[in-house]
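As you go down the protein sequences, you meet chains U and S in turn.
The C-terminal position of the first sequence is numbered 291 in the working numbering, with every residue numbered one higher than the one before it.
The C-terminal position of the second sequence is numbered 799 in the working numbering, with every residue numbered one higher than the one before it.
Calculated from the structure, these hints are not laboratory results.
No incorrect hints appear here.
Rough simulated footprint, nothing fancy, chain S against chain U, three-plus residues with beta-carbon under 8 Å: (1) 186-195; (2) 257-264; (3) 268-274.
Capping the alpha-carbon separation at 25 Å, the derived lysine-lysine pairs in DSS-like fashion look like this: (4) S:Lys468 <-> U:Lys189; (5) S:Lys121 <-> S:Lys170; (6) S:Lys466 <-> U:Lys209; (7) S:Lys466 <-> U:Lys189.
Built from N, CA and C at the ideal position, the CB exists for glycine as well.
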Amino acid sequence: MLLPSFTYHRPGGLAEALAMLDGFGGQAKLLAGGTDLLVNMKHGKQAPAQLIDLDGLAELKASGSRGDALELGAGLKAAAIAGGLGGAAPQALAQGAGALGSPQVRNRASLGGNLVTARPAADMCVPLLALGARVALVSPAGERQVDLPEFFLGPGLTALHPSEVLTRVLLAKPRPGEGSGYGKLGLRKALEIPLVNVAAWLALEADGKTIKEARVALGAAAPTPMLSPGAAKALAGATAGDDAFAAAAFAAAADARPIDDHRGSAEYRRDMVAALTKRCLGQALAQARGN
Amino acid sequence: MSQNSEEKRQVKTLERERLDLGRLVKVGEAGLRIVGDSVRRTDDVLKATGKLKYAADYPQEGFLHGKILRSPYPHALIRSIDVSKARELPGVVCALTGGDVPGRNGFGAILPDQPVICQDKVRYIGDGVALVAAESERIAQKALELIRVEYEELPAVFDPRDALAEGAPKIHETGNQISLDKLRKGDVEAGFAQADVILERTYQVPFLEHAYMEPDCCWAIPQPDGTMMVEGPMQAPFAVRRNVAPVLGVPINMVRARQIHMGGGFGGKEDSPIDLCCRAAVLAKHTGRPVRISLEREEVTLQTCKRHPMIMELKVGVTKDGKLTAFKSTVYDEQGAYASLGPKIPPAGGSHVHAMVMSPGPYEIENCWVDAYLCYTNHPYGGAMRGFGAPQVHIAHEQMMDELAAELGMDPVDIRRKNAFKLGSKTATSQVLDQSVGLRETLDACEERFGWSQRSDSAGWVDAAKTKRRGVGVAMGWYRTSIGTGGDACGANVHVHEDGSVILYSGITEMGQGAFTVLPQICAEALGVELEDVRLVKPDTDLVPESGPTVGSRSTTLMGNAIILACRQVRESLDQKAAEMLGVEPERLVFCGRKVFDRDNPDGKALEFRQVAAAAMASGMRLIGQGWWAPPKASLDPETGQGSPYFVYTYSTHMAEVEVDVQTGEVTVTDYVAAFDVGKAINPKALEGQIEGGVAMGLGYALMEKVVLENGMPQNMSLQNYLIPTMLDMPDLKPLVLEQTNQHGPYGAKGIGEMPNIPATPAVINAVANACGGRVRSLPANPEAVFWAIRELGGPPQD
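Chain U extracted, bound-state conformation:
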C-alpha cells in the first residue's frame, strides 16, 4: 500500500514548528523518524493532511546535563542512545534503545517518537519509567513538564496536547551507588516487539548493601508501560540480593495485569515479569556496585 497524499513541511526551528502545528489546528502530525507514523499511514490507520518534519531541528538532538539533571533531546536517534551518548545514557536506557527493532530502524527511530507512540512495551519507554524520567512539552504558551506515569494514558494515548511538541526527556544524572538494567523477552532476537519487558533502577545506601530506593517498570503488563509499586515497596530498605529481588519479582508479577493473546498467555507473561525483574535488578545492582 502506498502512502496517502499529504503536504510535507520542514520548519527551520522549534518556534516555526510550533506555529505550523498551531496553524494547522489538528490537521498536522509531527514526523520524526517515521518508523511508527509512516507505517500507520501506509496501513490507513492515520491520514494527516500535513506532516511537519522535526528531524532537521538540531535543538531537539542535543543532550547534556544541567545541574543534577540529564537532558536528552527528543530527536535523538535510538542508535545514538544505544551507543551510550558518550557514557551519559543510563545503562537501562541504552540497553532498551539497542533492543529496539533493527539497525535500520534504530537509525531512524527517535526517543520522542518512542514516547509519544506510547506502546505498552516500547523499548525506551519502559527503561525511562524505571529511571524516573519526566518529559518537557512545549507549546506556544510555554513549557510544562510531566512525569512519565502521568504522561502515558493508554495504548497510543498520552498527555501530549495537539499543540505541543515533546522536546526533551529529563532524568536524574546517574550517580555512584546507582544502577539500572533492562530485559526483553521476544520470540526472536531482532525486529521484535517484546512479549514482556522489564527495567529496574536502584540506589544503594552508603553501606553498599541497603537499597535506598528502587523502581521496577513493566512492559506488556498493562495498557501502558507501568511502574510496580509492590516491587518498589519490597525493595526500599531491604538488603540488596537474591531474597529482596525474589520478593520484588513476586510483587511485580502480582502488580502486572497482562493479557492473553496469540503471542502469549497472561499466566506465562506474569511468570516472565518475575523472571526478568530478578535479572534486571541483578544487572542494576552490579552496576551500582561498580562491577
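Got chain U; can you put chain S on it based on the hints?
Below, chain S alone, put in the same frame as chain U:
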C-alpha cells in the same frame, strides 16, 4: 553467516558412476570445467545493484487494477450479491460475480475445486466472492466497500479429525475426506511382538506461511490476436496456462504465461499465481484491457496456500539393542478449504501420499503400517512448501527416534546408525535402494565435524547461576528428487548459432534457488563452450517446451538431463562436421573450452567451436536440439502403498547445539553442522546457499512460526507478527557436501532445494529436549511452549 565459507566448504566425492541403468544419461566425470565450479550466479549483480526488476517494479501505465472481495466467514452460503453501487463508482470499469466467469468457474493445481468467483458458497475466510477492476487501486478498494453480500453462516470445521467425523458439516459435495491412503509392509503386530520397548506419541505441526519476501503480483494483457498473456512471479507457468485457458473457455494455445523473476516462492508460488492469473485474466477478458492484481502482505496471508498442518499419531517398537521392529502411524493431513496440490496423483503424487511414504524415516523397518488421511476443513488451503509433506513427518519420526533412544539409554546417534538406510536397503514401500545412498556417510561426516561425543558429554548447565542449559540434537532425513506423478517430464531446447553462441530454452523458473545459473552451467559443459556463451531464455509458454513445475527438487536433475540430451542432438551435427574437418573419427573428438580437438592428439590441430558451428550450419545440419527426460517409472500399489514411488533420494544429517534459558524458555541455536549427499554439486556455492536458507526456514518452523487461526481467521497476517528468523537467530552454520553419484542424474546430481529444510526442525527440537529435558510435541517450541514443557517436568534436570 559464513564469513569463512571457503574454509568451511567441503565437497567430498564418495563414489563415481558404476553401472549403466536403462535410460541413463551417462556423462564422463573426468575433465569437468564448468560443472562443479562455484561460478557467480547470473543474477547476483542485478540483485545486489537493485537493477533486477520484480513484478511490482514494472510500469503500471495503462493497466486497470484488480481487487478481490473476500469472504469474512469461514463457511457460509451466499444468499445474494449486489455489485450495482460498485459499478456506479467513477473509475470502476467492471465488477464481476460468479456468473461472469466466461468458462469453467474453478481452478486448482490438481482438481479445479476452487471457484474463480464463489457463486453459492464460501469455504474459508479469503474466498473471493466478487472481482473489481478500476482505474486505480484506491478506487478498486473503495468499490469493494460498496458491494453488498448477504451470507448465511454455516457451521465450520477446523480440525481434520472433526471433519472426518460422522455428521460433520460438508465442505464440498464430495465429502470432507479427499483421500485415505494406506501403506502396509510386513506384519506390524508381529513387529510389535518382537519389540522390547514400544512408544506411542502424537506430534502436531501448524499451518506455516511461506513468507516469501515478494508479495504476489500478476497481470493479464489481452493480445490483438485474441491470446491472453499472463505474467508474474510463478513457479509453474504451465500449470497457470492449464488453468487460465479453461477459465476463459479457450484452448491452451490461446494463453501465454511468462515468468517474471521471483522474490522467493518456496512452493507457495506454485498455487497462488494460478489463482491470481485466472482472476486477472477474467477481468482482462471482460474489460479488454490489461489488468494487474497486486496483493498486500495481509492479503497474501488471507488468500494463498500454506504448509499443510498435520497431526501424526505414532506407535513404534524397538528391541533392547535399538533395532526398529515396527512402525505404525496415522497421519491427518489438513488440506483446508480447497484441494490445491494436496490430492493424490497416481501413483505417488500428493502431500499425504508423500508424507505416508516418508513417514517411517530413512530407516530399515520390516513392519510398517501407515494410514494417511487428507481432508477438507474451513481453514486456508494447504499447498507445497519446501518439502511437501516431508518436513512434517520428519518432525515426528526424528523426535520419536530420540524418545526411543532415551527410553533405551542409547545415544541418539547410535540408534540412527543402527537403522539407517545403506546401499541395498528396503524402504517402507519395499523399494530397494540400489544406488546413491550416502546417508550413513552424512552421519559420519556430521558426527566428526560437530564433535558429537565430546559435545554431548558437555551438555548441561552453561552458567554458574544455573539459568541456561546447553544441549545437542541430531536428525536425519531423506527426500525425493521429482514428484512421483508418473508424468514428470522436462523438455529443453538448445540452439547453437554460427558464431558459437548458444540459446537455452527452459521452462524451469528462478526464485532465488539458482536455476538460471546451474542450468546454463550444464548446457555449457555439455557443449564444450564457456558459460558466457549460453543465454537462457526465461520461462515463456510460447517459447519453451513444457518443463513441468519448478518444484520437488526436480529442476537440476530433470532439466539437466533434458539439456544434456538436447545438446547431444546438436553435438551429432557438430561431431560429424568436426570429424570431417579434422579427419578423425567422431568418437575421438573432445569439445572443451570453445575448442574441438582430437582426444589422442590434444596438442595437435584444434578447431574453434564457432568454426565447426558455422560449417555445420552452412551444410544445413541440425543445430537445434530438443531434449526430453522423464525419471524411471514410478510405482505405488494403491492398496498397500508398496512400490518405487521416486527414483532417487537425497540424504542428510543435521546436528545442532542450543542453549535454553530454563527460566524463560528462550532458545538460542549456538552451532550447526549439516551434511548432505547430493550426488554431484553442480555449483557448490549456490548449493551452500540452499543449505543456509533451508536450515533458517527449518529453525523458524522449530522455534517461532505458526499461522495463528481463530475461527478460521489468521491473527498474525503481517511480517510484524508472523515471525521468521533473522540473521541474529541463525547459528554459525557449517555445510558439508558429499557426492554419492546418482546414476540417473546429470553429472550424478540429485535434488537439493528442499532437503536442507527438512531435518533442521527436528534437530533443533531434539537439541532443546536434550538441553532442558522438556519436549515440545506440538510446534512451535516458542519460549512459552518450552517454559511449560520444563514446568511439566517439575523443573530442569539438576545435573
